[in-house]
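Trainee: Residues per chain, in single letters:
Protein chains: 2
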Amino acid sequence: MTLDDLPTPCLVLDRPVLLRNIAAMAETAARHGVPLRPHLKTAKSIEVARLALAGQPGGITVSTLAEAEYFLGCGLTDILYAVAITPQKLDLAAALNGAGADIMVVTDDADMAGMIAAHPVALRTLIEIDTGEGRSGVDPEDRRLLEIAAMLGARRAGVMTHAGHSYAASGVEAIRAIAEAERAGVVRAAERLRQAGHPAPVVSLGSSPTLRHAASLAGVSEVRAGVYMFGDLFQAQLGTHGIDDIAVTVLASVIGSDRVGGRLVLDAGALALSKDRSTAGAPKDYGYGLVLDLQGRRSLGDAVIGRAYQEHGVVTPDPAWKLPALAVGTRLRIAPNHCCLTAAAHDRYHVTDGGEEVVAIWTRLNGW
Amino acid sequence: MTLDDLPTPCLVLDRPVLLRNIAAMAETAARHGVPLRPHLKTAKSIEVARLALAGQPGGITVSTLAEAEYFLGCGLTDILYAVAITPQKLDLAAALNGAGADIMVVTDDADMAGMIAAHPVALRTLIEIDTGEGRSGVDPEDRRLLEIAAMLGARRAGVMTHAGHSYAASGVEAIRAIAEAERAGVVRAAERLRQAGHPAPVVSLGSSPTLRHAASLAGVSEVRAGVYMFGDLFQAQLGTHGIDDIAVTVLASVIGSDRVGGRLVLDAGALALSKDRSTAGAPKDYGYGLVLDLQGRRSLGDAVIGRAYQEHGVVTPDPAWKLPALAVGTRLRIAPNHCCLTAAAHDRYHVTDGGEEVVAIWTRLNGW
Numbered sequence: 001m002t003l004d005d006l007p008t009p010c011l012v013l014d015r016p017v018l019l020r021n022i023a024a025m026a027e028t029a030a031r032h033g034v035p036l037r038p039h040l041k042t043a044k045s046i047e048v049a050r051l052a053l054a055g056q057p058g059g060i061t062v063s064t065l066a067e068a069e070y071f072l073g074c075g076l077t078d079i080l081y082a083v084a085i086t087p088q089k090l091d092l093a094a095a096l097n098g099a100g101a102d103i104m105v106v107t108d109d110a111d112m113a114g115m116i117a118a119h120p121v122a123l124r125t126l127i128e129i130d131t132g133e134g135r136s137g138v139d140p141e142d143r144r145l146l147e148i149a150a151m152l153g154a155r156r157a158g159v160m161t162h163a164g165h166s167y168a169a170s171g172v173e174a175i176r177a178i179a180e181a182e183r184a185g186v187v188r189a190a191e192r193l194r195q196a197g198h199p200a201p202v203v204s205l206g207s208s209p210t211l212r213h214a215a216s217l218a219g220v221s222e223v224r225a226g227v228y229m230f231g232d233l234f235q236a237q238l239g240t241h242g243i244d245d246i247a248v249t250v251l252a253s254v255i256g257s258d259r260v261g262g263r264l265v266l267d268a269g270a271l272a273l274s275k276d277r278s279t280a281g282a283p284k285d286y287g288y289g290l291v292l293d294l295q296g297r298r299s300l301g302d303a304v305i306g307r308a309y310q311e312h313g314v315v316t317p318d319p320a321w322k323l324p325a326l327a328v329g330t331r332l333r334i335a336p337n338h339c340c341l342t343a344a345a346h347d348r349y350h351v352t353d354g355g356e357e358v359v360a361i362w363t364r365l366n367g368w
Numbered sequence: 001m002t003l004d005d006l007p008t009p010c011l012v013l014d015r016p017v018l019l020r021n022i023a024a025m026a027e028t029a030a031r032h033g034v035p036l037r038p039h040l041k042t043a044k045s046i047e048v049a050r051l052a053l054a055g056q057p058g059g060i061t062v063s064t065l066a067e068a069e070y071f072l073g074c075g076l077t078d079i080l081y082a083v084a085i086t087p088q089k090l091d092l093a094a095a096l097n098g099a100g101a102d103i104m105v106v107t108d109d110a111d112m113a114g115m116i117a118a119h120p121v122a123l124r125t126l127i128e129i130d131t132g133e134g135r136s137g138v139d140p141e142d143r144r145l146l147e148i149a150a151m152l153g154a155r156r157a158g159v160m161t162h163a164g165h166s167y168a169a170s171g172v173e174a175i176r177a178i179a180e181a182e183r184a185g186v187v188r189a190a191e192r193l194r195q196a197g198h199p200a201p202v203v204s205l206g207s208s209p210t211l212r213h214a215a216s217l218a219g220v221s222e223v224r225a226g227v228y229m230f231g232d233l234f235q236a237q238l239g240t241h242g243i244d245d246i247a248v249t250v251l252a253s254v255i256g257s258d259r260v261g262g263r264l265v266l267d268a269g270a271l272a273l274s275k276d277r278s279t280a281g282a283p284k285d286y287g288y289g290l291v292l293d294l295q296g297r298r299s300l301g302d303a304v305i306g307r308a309y310q311e312h313g314v315v316t317p318d319p320a321w322k323l324p325a326l327a328v329g330t331r332l333r334i335a336p337n338h339c340c341l342t343a344a345a346h347d348r349y350h351v352t353d354g355g356e357e358v359v360a361i362w363t364r365l366n367g368w
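As given, the protein sequences belong to chains B and U, one line each in that order. So that you can map any letter, position 358 of the first sequence is 358 in this note's numbering, and since no number is skipped, the others follow by simple counting. So that you can map any letter, position 209 of the second sequence is 209 in this note's numbering, and since no number is skipped, the others follow by simple counting.
Calculated directly from the structure, the hints in this document are not laboratory data. Virtual Cβ for every residue (Gly too), placed ideally from N, Cα, C. A portion of the hints provided could be inaccurate.
[Stated by the list, open to error] Over the 12 Å line for every Cβ pair with chain U, so calculated as not near, a few chain B residues:
1. Asp-108
2. Met-112
3. Lys-322
4. Arg-331
[Claimed, not checked] Output of the computed footprint for chain U on chain B, the stretches with three or more beta carbons under 8 Å from beta carbons of chain U:
5. 76-88
6. 307-317
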């Protein structure tokens, strides 16, 4: 089977690029002497997980309990559920532990910490620290940090943070500064816990950009990242990877082609690509994605999906390139703005070894 | 089972509101004496389809062949696949006909029309007409209209158009003008075909806004719409329906609550809500969605999801309302900017009769 045999739109995963991205992050973690706990919220696939876990201790990060359940079913047991837990979700997390998992949950709330501590099933728990993103977590100096730890009692396991604002940084130096604030903040929180008599063995941080550019990870016990596996147009502009390191693309077909007027419409729209417009604020705005040819080359210049309807994607040609006269049915590929959201619209990866042959199909989990 | 028992995030469908929206559109179609061919790209659910088909001839519209296959499996046979077809998709459409469907396909391309005509299985075909949207279709006066009809030969069935630019109109008068251009354009295209000896029995048009406000549908044989069933924050601002006519919401839980600082974080983020920002250009910008209480009331004022991460939604409070101190685990509901995209992230509807009891679960189809 080749890419020409697939129904469109669908997802293509270039395995050599994936392996290269995985190797680069593993090398970064190894250079710092810190183990990697891959975040599987992007890939949501056991095959990708196994590749990302090569040479690592085996712990994973997930963003939903559905992911936790799926990966547990695949034999992965050391699972950090990195989104703050609610009272209603405690029983499910505990049930997964009963089924063989060793789940770590996360909270930044003292009342929630009390409920975790009171639950009959012991759940390792990380206190979420805000190291500048301003989304969730407590400040390392906040008095609530010790209140939460006190509520957790014996169930406490440590601290975690995510410097997600690194995605909004301009330039490598800015990312490096955020990486250091992420490290210093979470290490400081762990120190405060230890001063108060809590061991805090787990000190977990990470985002793909900060790991890529961190100068030091001193005091950190593990790092987390996920987007680096696939890459995307937004990350490429952050300097996290090159534009040729995007492993996942959407295969699409031309459904309308006005070869006189230059109009080109594809069957990949807002559902197949997502409406993520993260590159709108980046140096180069790629609309809803960059149009590549079937081989994944940039032979159409900087043609982008300029308008995205539910199932229609309208191409805006590169002003400097003449769009070739493409027949209806011609296949193209679209590099995504944000791989996490684009991949989430699809239930499988069509894996290639860089060519047009489909060498494997890997399913992925969606939903909650 | 009540809304409090559901894992979050998930989709809630208020059946009385759905029925009211369906009745209003049926009444509009009846007033014009034109049958409605409901577009099921929004709902993608047989239960919703059956409600929308009440009193109608039974024909449906779909946006993917996966939908066509699903609804055929549910016994619906008269199916308009309203996205332009490709050579590769012809065999699947033909196979559905072999399995009992009577599919109408769409094209705006003469070469594609030739391939449809040459296919061993006869497929009814509509020529797509551009009545101002500038997305796909040929202009009613374009010479290609007759070229395509000539290529189709005996398989031609008529013309269709979609005035999707009605969604960008400001005010009811502007929508009314677009509705008339939509009607006049597609009727003119049918007239040209008839003058050239093609019967063109099917003259199909529609979008939820233009149907809602059309002054005349003279010369039209059927109308199509889908978004009207659910409604959303964007449509409510177009004047297509009221803000209380939004039938679908996302149930979410508070996962972070700084009761001193006023920060509120929910477990409904970019995946559960979509990154559709259509209200960014509307009179009222609702961020990634309007926050309602568990009962669906606006007791938090105009609090919106101001920031959407993959699984986190951060609430921006209404400046004029004090956000109540909500505990972690508190349940809220989010009205969506764009119901088609929000619903597509979920695989089922939790149906209520307006209260908190879940009276049914309806699955929905996703993917391609």
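Trainee: For every hint, state whether the structure bears it out.
Mentor: Hint by hint, here is what the structure shows:
1. Asp-108: violated (6 Å)
2. Met-112: The assertion about Met-112(B) is violated, with a minimum of 5 Å to chain U.
3. Lys-322: Nearest chain U Cβ is 20 Å from Lys-322(B), so the label holds.
4. Arg-331: Since the minimum Cβ distance to chain U is about 9 Å, Arg-331(B) lies within 12 Å and the statement is violated.
5. 76-88: The restraint on the region 76-88 of chain B holds, since 6 of its residues have a Cβ under 8 Å from chain U and three suffice.
6. 307-317: holds (count 6)
Figure legend: structure checked against the earlier numbered hints; hints not met, in rising order: 1, 2, 4.
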